[in-house]
Amino acid sequence: MVGAIQLSYLLAAVLFITGLKRLTSPATARGGNTLSAIGMLIAIVATLLNQGILTFRLVIIGAVVGAAVGLWMARTIKMTAMPQMVGLLNGFGGGASLLVAGAEWLRAGSGSALPTETAVTIYVATLIGGVTLSGSIIAAGKLQELISGKPLLFPGQHYFNLLLVIGVVALSVALVVSPGQVPLFAALVGVALLLGILLVIPIGGADMPVVISLLNSYSGLAASTTGFVIGNHGLIITGALVGASGLILTQIMCRAMNRSLGNVLFGGFGATPAIATGDDKALAARGVRSITGEDAAMLLAYSRSVVVVPGYGLAVAQAQHQVRELAELLEKRGAEVKYAIHPVAGRMPGHMNVLLAEANVPYEQLWEMERINPDMERTEVVLVIGANDVVNPAARNTPSSPIYGMPIIDVDKSQHIIVMKRSMNPGFAGIGNELFYDTKTAMLFGDAKASLLTLIQEVKAA
Amino acid sequence: MVGAIQLSYLLAAVLFITGLKRLTSPATARGGNTLSAIGMLIAIVATLLNQGILTFRLVIIGAVVGAAVGLWMARTIKMTAMPQMVGLLNGFGGGASLLVAGAEWLRAGSGSALPTETAVTIYVATLIGGVTLSGSIIAAGKLQELISGKPLLFPGQHYFNLLLVIGVVALSVALVVSPGQVPLFAALVGVALLLGILLVIPIGGADMPVVISLLNSYSGLAASTTGFVIGNHGLIITGALVGASGLILTQIMCRAMNRSLGNVLFGGFGATPAIATGDDKALAARGVRSITGEDAAMLLAYSRSVVVVPGYGLAVAQAQHQVRELAELLEKRGAEVKYAIHPVAGRMPGHMNVLLAEANVPYEQLWEMERINPDMERTEVVLVIGANDVVNPAARNTPSSPIYGMPIIDVDKSQHIIVMKRSMNPGFAGIGNELFYDTKTAMLFGDAKASLLTLIQEVKAA
Amino acid sequence: MRIGVPKERAPDERRVALVPETASRLIKTGLEVIVEAGAGEEAGYTDDAFREAGAAVAGAAAEVWGADVIVKVQAPTVEEAQGARSGSVVVTLLPPGRSPDEVRTLASQGVTTFSMDLIPRITRAQPMDALSSQSNIAGYKAVLLGAAVLPKLFPMLMTAAGTIAPARVFVIGAGVAGLQAIATARRLGAIVTAFDVRPAVKEQVESLGAKFLAIELAEGGEGEGGYAKELSEEAHRLEQELLREAVAGADVVITTALVPGRPAPKLITEAMVQGMHPASVIVDLAAPAGGNCELTVPGQEVVRHGVTIVGEVNLPATVATHSSQMYARNLASFLGTMVRDGELAIDLNDEILSAACVTHGGEVKGAAWKV
Amino acid sequence: MRIGVPKERAPDERRVALVPETASRLIKTGLEVIVEAGAGEEAGYTDDAFREAGAAVAGAAAEVWGADVIVKVQAPTVEEAQGARSGSVVVTLLPPGRSPDEVRTLASQGVTTFSMDLIPRITRAQPMDALSSQSNIAGYKAVLLGAAVLPKLFPMLMTAAGTIAPARVFVIGAGVAGLQAIATARRLGAIVTAFDVRPAVKEQVESLGAKFLAIELAEGGEGEGGYAKELSEEAHRLEQELLREAVAGADVVITTALVPGRPAPKLITEAMVQGMHPASVIVDLAAPAGGNCELTVPGQEVVRHGVTIVGEVNLPATVATHSSQMYARNLASFLGTMVRDGELAIDLNDEILSAACVTHGGEVKGAAWKV
Amino acid sequence: MEGLIGGIVVFVLAMYVGFEIITKVPPQLHTPLMSGGNAISGITVIGSILVAGQGGTSLAAILGTIAVAFAMVNVVGGYLVTDRMLGMFQRKEENR
Amino acid sequence: MEGLIGGIVVFVLAMYVGFEIITKVPPQLHTPLMSGGNAISGITVIGSILVAGQGGTSLAAILGTIAVAFAMVNVVGGYLVTDRMLGMFQRKEENR
Ligand SMILES: NC(=O)c1ccc[n+]([C@@H]2O[C@H](COP(=O)([O-])OP(=O)(O)OC[C@H]3O[C@@H](n4cnc5c(N)ncnc54)[C@H](OP(=O)(O)O)[C@@H]3O)[C@@H](O)[C@H]2O)c1
Ligand SMILES: NC(=O)c1ccc[n+]([C@@H]2O[C@H](COP(=O)([O-])OP(=O)(O)OC[C@H]3O[C@@H](n4cnc5c(N)ncnc54)[C@H](OP(=O)(O)O)[C@@H]3O)[C@@H](O)[C@H]2O)c1
Ligand SMILES: NC(=O)c1ccc[n+]([C@@H]2O[C@H](COP(=O)([O-])OP(=O)(O)OC[C@H]3O[C@@H](n4cnc5c(N)ncnc54)[C@H](O)[C@@H]3O)[C@@H](O)[C@H]2O)c1
Ligand SMILES: NC(=O)c1ccc[n+]([C@@H]2O[C@H](COP(=O)([O-])OP(=O)(O)OC[C@H]3O[C@@H](n4cnc5c(N)ncnc54)[C@H](O)[C@@H]3O)[C@@H](O)[C@H]2O)c1
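One line per chain: the protein sequences are A, B, C, D, E and F, in this order.
If you count by my numbering, then the first sequence holds residues 1 to 462, one letter each, in order.
If you count by my numbering, then the second sequence holds residues 1 to 462, one letter each, in order.
If you count by my numbering, then the third sequence holds residues 1 to 371, one letter each, in order.
If you count by my numbering, then the fourth sequence holds residues 1 to 371, one letter each, in order.
If you count by my numbering, then the fifth sequence holds residues 1 to 96, one letter each, in order.
If you count by my numbering, then the sixth sequence holds residues 1 to 96, one letter each, in order.
Treat the hints as calculated values from the structure; they're not laboratory data.
Do not rely on the hints blindly, as some may be mistaken.
[As the list claims (entries may be wrong)] Calculated lysine-lysine pairs in the DSSO-like style (CA-CA distance at most 30 Å, straight line):
| hint | chain 1 | residue 1 | chain 2 | residue 2 |
| --- | --- | --- | --- | --- |
| 1 | D | K211 | A | K338 |
| 2 | A | K413 | A | K440 |
| 3 | E | K24 | A | K21 |
| 4 | A | K21 | B | K21 |
| 5 | A | K338 | A | K460 |
| 6 | A | K460 | B | K78 |
| 7 | B | K460 | A | K21 |
| 8 | E | K24 | A | K440 |
| 9 | B | K338 | C | K211 |
Note that the structure is a prediction, hence the values are computed from the model and not measured.
Kindly produce the complete structure, drawing on both the sequences and the hints.
In C-alpha cells, the structure reads:
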C-alpha cells in the first residue's frame with residue numbers, strides 16, 4: 001500500500017513534468033494543463049488512501065469549502081483580472097504551507113518533540129510560506145489597484161529588511177534552543193508576513209507579474225520544504241519542480257523586461273526604470289525600453305499582422321535578404337506582412353525599392369505610405385528597420401522641427417513597435433525621435449542584419 | 001558519515017550530468033569529460049570510506065591491475081581503433097556488473113538469503129551484464145575484423161533468440177522458487193552470454209557503433225540494477241543517467257544512419273541495406289544512402305572546405321537566397337566556400353550567374369569548372385544542389401551515354417558529397433547518375449529550398 | 001484659377017509639365033487646367049486622356065498662355081515670354097543663371113517666374129524637388145545608354161562558350177543621379193565603383209552594394225603647421241592618380257559631378273581617356289553644365305581615342321512618360337504652396353517661394369541672374 | 001595548318017571570328033593564325049593584340065584567304081567566295097537555306113564549307129553551339145534596347161514625386177534568347193510574363209522568377225472523337241485571345257519565336273499593336289526570319305500606331321566584344337573536331353561535321369540548299 | 001537522517017528536471033505557464049490533508065482544515081483559471 | 001520495500017535528467033560522447049569495491065576482485081580514451 005502510494009506520487013510527478021513541458025508551447029499547452037490536473041488528482045487520491053489519515057471529516061470540510069471558493073473565483077473572475085487572480089491563488093498556496101508547518105509544529109508539542117533538522121525545516125517552511133502569503137496578497141492588491149501601483153520606498157528599507165531576516169534567523173535559533181514557546185513561533189510568523197509585505201511593496205505595479213512568478217517559485221519551494229517536514233517524496237519532487245521551473249520562468253520574464261534575476265531577487269527594483277543594454281546609460285534617463293532578439297521574435301511569431309518599415313539603416317546593413325526571409329517566415333506562420341515604403345526612405349529616390357527588389361520581395365507587398373497609414377491602427381506589430389526620420393512624429397507635432405510638415409508613416413498608431421537600430425543616434429535630419437520613448441516601442445539595438453538573423457533563428461525556434 | 005557518502009554520490013551524479021551535457025558541444029567536451037572523471041573519483045573515494053569495507057587488499061589488487069590494464073590500453077591503442085576499444089571497455093563494464101551480481105548471489109548463500117525482489121534484481125543484473133559483456137566483445141571483434149563484418153544470419157535466428165529469452169525467464173523463476181542451485185545460475189549466465197553473442201552477430205560491421213552505443217546504454221542500466229541489488233543510490237542515479245542518455249545517443253546515431261530505434265532494439269538489422277525515405281523503395285535495391293537535414297548540417301557545420309554545385313533544380317526551387325545564406329553561415333564558422341559553376345548548368349547560358357547574382361553572391365566566389373576541378377580532392381564536402389547531368393561521371397566513363405565527352409565537375413573526387421534533389425528522377429539528359437550510388441554520396445531528398453532552410457537552421461543550432 | 005500647360009517647343013524635349021493624373025488631382029481641388037493640343041503626345045499622354053481628366057484642350061498656344069499660372073518644363077523662349085500675360089505666373093525648370101534673355105523678358109512682362117531648379121533642399125520641399133526626380137531618372141537612363149553602347153555584356157555569365165567577365169562601371173559623383181546609376185548598374189550585374197568628394201556618401205554608396213573609392217593619404221602627412229597646403233596639393237595629385245587608375249580600369253564611366261551654379265568640374269582629362277580600353281564608354285551626365293570630361297561635346301555622342309563619349313543633355317526627356325509624371329507631381333506640390341482655396345496667394349516670405357522666385361513685380365529676383 | 005581571319009565586310013557587322021585570346025590558344029596547339037588588318041577593330045580587338053597573341057597580321061585580304069581554314073562570322077560574298085582556294089575550308093555562320101548563290105559559288109570553288117548554324121544540339125556539341133551563344137547575347141540586348149526606347153522606367157520606384165509602376169515585359173518564345181531576355185528584364189525590375197508553345201519551358205520560365213502564360217482549355221473539351229480538330233481550333237483562338245490580352249497589357253514585348261528553317265510565325269497582328277498603349281515598344285528578335293510581328297520591318301525601327309517596333313536583325317553585332325569572344329570559342333571547339341595533331345583531318349562521318357557540312361568536294365551537301 | 005539524505009537526492013534531481021524542461025516560452029504563455037505552475041504548487045494540499053486527517057479539535061487540526069481549504073482554493077482555482085486562459089489562446093490560434 | 005520505492009523514484013528522475021540533457025550532438029562527437037558515457041557506466045566499480053571489500057577467499061571475493069579489475073579497466077581506459085579523442089578534436093578546432 002505504502003509502495004503504491006509512493007509510486008502514485010511518482011506518477012503524479014511525471015504528469016506534472018510532462019504537463020509543465022507542454023505548457024511551454026501554444027499547441028500543447030491546454031492538454032498539458034489537463035495532464036497536470038490529472039496528476040494532482042492522483043496525488044490527492046493517493047494521499048486519501050494513506051493509513052495515517054484517521055478521519056475524513058475535517059478533510060472533507062476543508063476540501064469542499066476550498067474547492068467551492070476556488071470554483072467560484074475561477075468562474076467569476078474577468079479575463080483582465082487574471083494576473084491578480086493568479087497572485088491571490090498563489091497566496092492561498094503559500095498560506096497552506098504556512099498553516100501545515102504551524103500545525104505540525106503544534107502537533108509536535110509546539111516543536112519540543114522534533115529532531116533539530118525537522119524543526120529547522122519547519123521554520124524554513126514557515127518563513128517561505130509566510131512571505132509567499134503576504135507578498136502575493138500585496139502583489140494582487142497592486143495589480144487590482146487596491147494598493148498604489150507606484151513603488152513605495154522609505155529610506156533605509158533595505159537595511160530594515162535585512163534586520164527582519166536576521167530576526168527570522170534569531171527567532172528560529174531561539175526556538176531550536178528552547179522549543180515550545182508559542183509566542184516566539186507567532187513572532188516568527190509575523191516577521192515572515194511583514195517581510196513578504198516589505199519585499200513587494202517597493203516594486204512598481206508593472207513588474208508584479210515577475211514578482212508573482214517568483215513568489216510562485218517560492219511557494220513551490222515551500223511545498224518542497226513541507227515535504228521534508230512530513231517526509232513525503234511526492235511533495236519534495238513536485239515542490240522542487242515548481243521551484244525550479246518557476247525560477248526559470250521568472251528569469252525568462254525578467255529578460256523580457258530587460259532585468260537581471262539578481263535585480264529581482266534583491267527586491268527593491270521598480271526604482272530603476274526599465275532600461276537598456278550596454279553603455280547607453282544616458283538613455284536610461286529617458287526610459288527607452290530595449291528588448292532582446294528572443295523576445296522580439298516571440299512577439300512577432302505570434303502576431304497576425306506585421307508591417308515592416310525599412311529605412312536607410314536597412315540599406316547600410318545590407319540586410320534586405322534577411323528581412324525578406326523573416327517576412328516569409330512570418331507569413332508561413334499565418335501572419336500578414338506588408339512593407340510600408342516612405343517616399344524618402346533611404347538616400348535616393350526609390351532606394352528601398354532597389355533594395356527590396358534585389359531580395360525579390362514581391363511588388364504587391366510594397367505599400368505606399370498613404371495606402372498603409374489607415375491600416376496602422378489595426379496592425380499588431382510594426383518592425384522599423386533602420387528607419388528614423390520617416391517615422392518621427394515630430395513631423396506632425398513639432399512645428400519647430402526641420403522635418404515638420406513631412407508626411408510620415410504613422411507607426412505610433414500601431415499596437416506594438418519594434419525599432420531596430422544600432423544606437424540612439426539620430427538619422428539624416430539630425431534630430432531626436434520621440435517614437436523611441438513611446439511606451440509601445442521596444443528598441444532592438446544592434447546592426448540590422450545581425451538583429452534580423454537572430455529574429456529569424458528565434459522565430460523558427462518558437 | 002553515511003550521509004556524507006550519500007551526498008558525495010549526489011555530487012558525483014551532478015558532475016556526471018554536467019559532464020555529459022558538456023560532452024555534446026565541441027567547445028566544452030573535453031572539460032566535460034574531466035568533470036565527469038572528477039565525479040568518478042569522488043564516488044570511488046566515498047565508497048572506500050564506506051564502513052562496510054572490511055579489507056582493502058582485494059580492492060587494491062583489483063584496482064591496480066585494472067587501472068594498469070586500462071592505462072596501457074588507452075595509451076597504446078591507435079586512433080583508428082577507437083571504436084572497438086570503446087566496445088571492449090564497455091564489455092569490461094558489463095562484465096563487472098555480471099561479476100558483482102554473481103558475487104552477491106554467492107554471498108547470499110547462493111541466493112537463498114535474498115528477498116524475492118532483490119533476487120529478481122540480481123537476475124536482471126546478470127542478464128544485462130552478460131549480454132553487455134559478450135555482445136560488446138563480438139562488436140569489438142567485428143570492428144577489428146577478427147570476426148567477419150558481414151551480418152551472419154541463420155534461419156529461425158529470431159525464434160531461437162526468443163527461446164533464449166524464455167529460457168532466461170524460466171531459469172530466473174526456477175531460481176526464485178528453489179534458490180541455492182549453482183548450476184542453474186551458471187546456466188543463466190551462459191544463456192545471457194549466448195544471447196549477447198547472437199544478438200550482435202547478425203549485424204553488419206558498419207552498424208557496430210550503434211550497437212556499442214546501445215550496449216553502453218544497457219551497461220548503464222546494469223549498473224543501475226546493481227545499485228538496486230546493493231541498495232546504493234549513487235549507482236542507481238548514475239546508471240539511469242547513462243542508460244537514458246545512451247539511449248538518446250543511440251537514437252541520434254540511428255537517425256544519422258536513417259534507422260529507426262525499433263529496428264535496432266529488435267536486433268537483426270544489417271540485413272536491410274541502409275536506405276532512403278518514403279516511397280522510393282526501388283532505390284533500396286541499389287543502396288542509395290539518404291541523410292537527414294540535421295546530419296547533413298552537422299557534416300557541413302564542422303568542415304573547412306565546402307564547394308557548392310548549383311544546377312537547374314536550384315533555379316526551379318528559387319532557393320538562391322537560401323544557398324547564399326547557408327554559405328555565409330559556413331564562412332562565418334571558418335569554412336571556405338566556393339561555388340562551382342558548370343558552363344551548361346541550368347537551362348540557358350549563364351543561368352546560374354543570373355540566379356546567384358540575384359542573391360548577391362560575390363563574383364569572386366564563383367569558380368569555373370576548369371579552375372575548381374583540381375581542388376576537388378582537397379574538398380571536404382561538396383553540396384550538389386539540384387544539379388544532375390553536370391556532375392554525372394557517365395560523361396567520363398560511359399562512351400554510350402548521350403552526355404559522354406562533356407566535361408563535368410569532378411565532385412566524385414571530393415571527400416563527402418551531399419546531393420539535394422527531390423527524387424531519383426533524371427535531369428535534362430534523361431539518364432541515371434552513378435554519383436548518387438557512390439559510397440561517399442548522401443542524398444538529401446526534398447525541395448532544395450526546404451532542404452536549405454533546414455540546413456540553415458541546423459547549422460545555426462550546431 | 002486656371003493653369004495652362006503649353007506644348008514644349010524645345011528640340012528633343014518630349015516631356016510635358018502636367019500629366020492627366022496630376023491634372024485631375026488639381027481639378028479636384030477646384031482649379032482649372034487648360035492643355036495645348038498635343039502637349040503630352042510624345043510622353044504618351046493623349047489629348048483625350050487630358051480631357052477625361054477634366055482638363056480643357058486648347059488648339060492655340062495663346063489660349064494656354066492666357067491662364068493664371070503657366071507650367072512648363074523648359075524655360076519659355078523670348079518669343080513665348082513676350083506673349084505672357086502681365087501678372088501671370090510661370091513655373092518651369094530653369095537652372096540658375098541660365099537663359100538670361102528669357103528671364104529679362106519675363107521680368108519686363110511683369111510675369112512672376114519660379115524655377116523648379118531652385119527649390120530649397122529642405123525636408124518639407126522634398127515632394128517638389130524636381131532636381132531630384134529628374135536626376136534620378138537621368139541616372140537610370142545613363143546606365144542603360146552606357147550598356148546599349150558598350151560592346152560588352154554587363155553581367156558575368158559562365159557558359160559553354162566561355163566565361164564573360166562582368167563589366168566594370170565607375171561612377172563619379174554620388175548624388176541623386178549617381179546613386180541611381182550605381183543601383184541600376186548593379187542590377188544589371190556590373191561591378192560598380194564610385195567616387196565623390198563628399199566622404200559622407202561612402203556609406204550611401206556601400207548601402208547600394210558598390211565600392212567607394214577613398215583617397216588614402218600618405219602616411220605621416222598630418223599636422224605640422226603650414227604643411228596643410230602642400231598636403232592638399234599632394235591629396236589633389238593622389239586624387240587625380242586615383243581617378244586615372246579607376247577610369248582606365250572601367251568599361252563604362254558615368255560622371256555626375258556638379259557644383260551647384262558653377263560649370264561642371266573637368267575631372268576626366270584627355271590623357272585619362274587615352275588610357276582607357278578601346279570600345280569603352282563614358283556617359284557624361286554633367287554635359288548640360290559643360291561636362292566632367294574634357295572631350296565631352298554636350299548634346300552629342302562622339303568617339304575619341306576609341307572611347308565613345310555620350311554627352312546627352314536631356315536624358316530625362318528620353319523617359320518622358322515617367323519623368324513627366326514625376327515632374328507633374330513636383331509641380332502640383334509646388335503649386336500647393338501658392339494656392340489657397342483655389343485662388344492664387346503668393347507669399348514671397350515663404351521659404352520655398354522666395355528661394356524659387358526668379359522674377360516678380362517687373363524685377364529679376366533670382367540672385368543668379370542679377371549680375 | 002593555317003587559319004585565316006578576314007575582316008567582316010557586311011554592313012553593321014562589327015564582330016570578328018577569332019579574338020586574340022582564342023587565337024593564342026589555337027597557336028599553342030600548333031596552328032598558325034593570320035588575321036586581316038583591322039579585322040577586330042570594331043569589336044575592340046586591335047591588330048597589336050592579335051600580334052601579341054602570336055598571330056600574323058596581313059594587310060591584304062587575299063593573303064588571309066590563302067589559309068587552309070577560313071573562319072568568318074557572316075557568309076562570304078560571292079566575290080569573296082570566288083577568291084577562295086580550292087580544297088580550303090570555310091567555317092561561318094550560315095542559316096539553313098540562306099545565301100544560295102554564295103553557297104553554290106563555294107561549292108564550285110571546291111571549298112569545304114561548314115555552317116556554325118547547323119551544329120547539332122547534342123551535349124558534346126554544346127561548346128560549339130554558336131546559335132546559343134549569339135541568341136543569348138541577343139536576348140540580353142533586346143531588353144536593353146527596349147528599355148532605352150521605352151519612355152518609362154523598368155523598376156518600381158516609390159519616391160517623394162510619386163510611385164513609378166514597374167514596367168510590364170512580355171516575352172514570346174522562351175528559347176535561349178527568350179530566357180536571357182526574361183532574366184535581364186527581371187534584373188532591371190520589370191514584371192515579366194512569358195509565353196511559349198512548348199509547355200516544358202513553363203518550369204524554366206518560372207525558375208527565372210517570371211510568370212508563364214498558360215493556355216487554359218475550355219472545360220470539358222477533352223476526348224470525344226473528331227472533336228480534336230475543333231478543339232485545336234478553339235485552342236488556337238484561345239491562344240490568339242491570350243496573346244492579344246497579354247500584348248495589350250505590356251509596355252515592352254520581346255518576340256523570339258522561331259521554328260528552325262522556316263519563316264518566323266506571325267504572332268502579333270496589326271490589331272494587337274493597335275490595342276497597345278501609346279509609346280509601348282516591340283523588340284522583334286525574329287526579324288531576321290521575317291519577324292513575329294506583322295508590322296516589323298527587318299533592319300529598321302518603325303513607329304506604328306504609336307508603338308515603336310524594333311526590327312534589328314543583328315543584335316549580337318552590337319555587343320561585338322563579347323559576342324566575338326563567345327563565337328571564337330565556339331569556333332575553336334568546332335575546329336578541334338577537324339584537326340588532329342595540328343593537321344586538317346576532316347571525317348565527314350563525325351556526327352557534328354556531317355551535320356554542319358554545307359559544301360564539300362565540289363558539291364552542295366547541306367539539305368537546306370539542295371532544293 | 002537517511003530519509004533527509006534521500007529527500008535531498010530527490011530534491012536535487014527534481015530541481016534538475018525543473019530547470020531543463022522550461023526553455024523557450026512565447027510571451028503569450030508567460031501568464032498561463034505561471035498560473036499552471038501555481039496550480040501545481042497547490043501540492044501542499046497533500047500535507048494539509050495529512051495534517052487535517054489527524055482529526056481532533058486541537059488548534060493543529062483547525063489549522064490543518066484551513067490549510068486544506070486554502071490549498072484546495074489554490075488547486076481548483078489554479079487549474080480552472082489556467083484552462084480558461086489557454087482556452088482563449090486556443091481560439092485565437094484557431095482563428096488563423 | 002521502502003528502499004526499493006525510493007530507488008525507483010530516484011531512477012525515474014535520473015532517467016528524466018538523462019533524456020533531457022542530450023539533445024543535439026554533432027556527428028564528430030558521437031563516438032567521444034559514447035565513450036564518455038561508457039566511462040561513466042564504469043560506476044559499477046562502486047559495487048565491485050563493496051563486494052571485494054568483504055575480503056575472504058571465497059569465490060565471491062575472487063569474483064569481486066575481478067569485478068574491481070574489470071570496472072577499473074572500464075573507468076581508467078574509458079576516461080583516457082575519451083580524452084585522447086577529444087584532444088584530437090580540439091586541435092582540429094584550434095587549427096581554424
Ligand atoms: N530618399 C531620398 O531621396 C533622400 C535623399 C536624401 C536625403 N533623404 C533623407 O534621408 C532620410 C531617410 O529617412 P530614413 O528613416 O530612411 O533614414 P534615417 O532617418 O537616416 O535613419 C536611418 C537610421 O538607420 C540606422 N542605421 C544605420 N545603419 C544601421 C545598421 N547597420 N543597422 C541598423 N540600423 C542602422 C541609424 O541609426 P543608428 O546609427 O542608431 O544605427 C539611423 O537612425 C530622410 O530624412 C530623408 O529626407 C532622403
Ligand atoms: N545551360 C544551358 O544553356 C542549357 C540549355 C539547355 C539544356 N541544358 C542542359 O541542362 C542540363 C543542366 O544540368 P543541371 O545539372 O543543371 O540540371 P539537370 O541535369 O537537369 O538536373 C536538375 C536536377 O534538379 C533537380 N530538381 C529539380 N527541381 C528541384 C527542386 N525544386 N529542388 C531540388 N531539386 C530539384 C531534379 O531532380 P529531382 O526531380 O529529383 O528533384 C534534376 O535532376 C544539362 O544536361 C545541359 O546540357 C543546358
Ligand atoms: N531634402 C533633402 O534632404 C535632399 C533632397 C535631394 C537630395 N539631397 C541630397 O543632396 C545631395 C546632392 O544631390 P545632387 O544629386 O543634387 O547633387 P549634384 O547633382 O549637385 O552633384 C552630384 C554629386 O557630385 C559630387 N561632386 C561635386 N564635385 C565633385 C568632384 N570634384 N569630384 C567628385 N564628385 C563631385 C557632389 O558631391 C554630388 O554628390 C545628395 O547627397 C542628396 O542626398 C537631399
Ligand atoms: N545541347 C543542348 O542541350 C541545347 C543547347 C541549346 C539549346 N537547347 C534547347 O533548345 C531549345 C530551343 O532553343 P532556341 O533558343 O534555339 O530556340 P529557337 O530560337 O528555335 O526558338 C525560340 C523559341 O520560340 C518558341 N516558339 C516557336 N514557335 C512559337 C509560337 N508559335 N509561339 C510561341 N513560341 C514559339 C520555341 O518553342 C522556342 O522556345 C531550348 O529549349 C534550349 O534549351 C538545348
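Hints and how they fare:
Using a Cα cut-off of 30 Å, the hinted pair K211(D) and K338(A) holds, with the two alpha carbons roughly 22 Å apart. Distance check on the hinted pair: K413(A) and K440(A) sit about 9 Å apart at the alpha-carbon level, within 30 Å; holds. For the hint linking K24(E) to K21(A), the alpha-carbon distance of about 10 Å falls within 30 Å, and the restraint holds. For the proposed pair K21(A) and K21(B), the alpha carbon gap of about 19 Å is at most 30 Å, so the pair holds.
For the given pair, K338(A) sits about 20 Å from K460(A) by alpha-carbon distance, which is consistent with the 30 Å threshold. Of the supplied pair hints, the one linking K460(A) and K78(B) is violated, its CA atoms being roughly 43 Å apart against a limit of 30 Å. Distance hint between K460(B) and K21(A) is fulfilled; the C-alpha atoms sit about 24 Å from each other, no more than 30 Å. For the given pair, K24(E) sits about 23 Å from K440(A) by alpha-carbon distance, which is consistent with the 30 Å threshold.
For the suggested pair K338(B) and K211(C), the alpha carbons sit about 22 Å apart, so the restraint of at most 30 Å is met.
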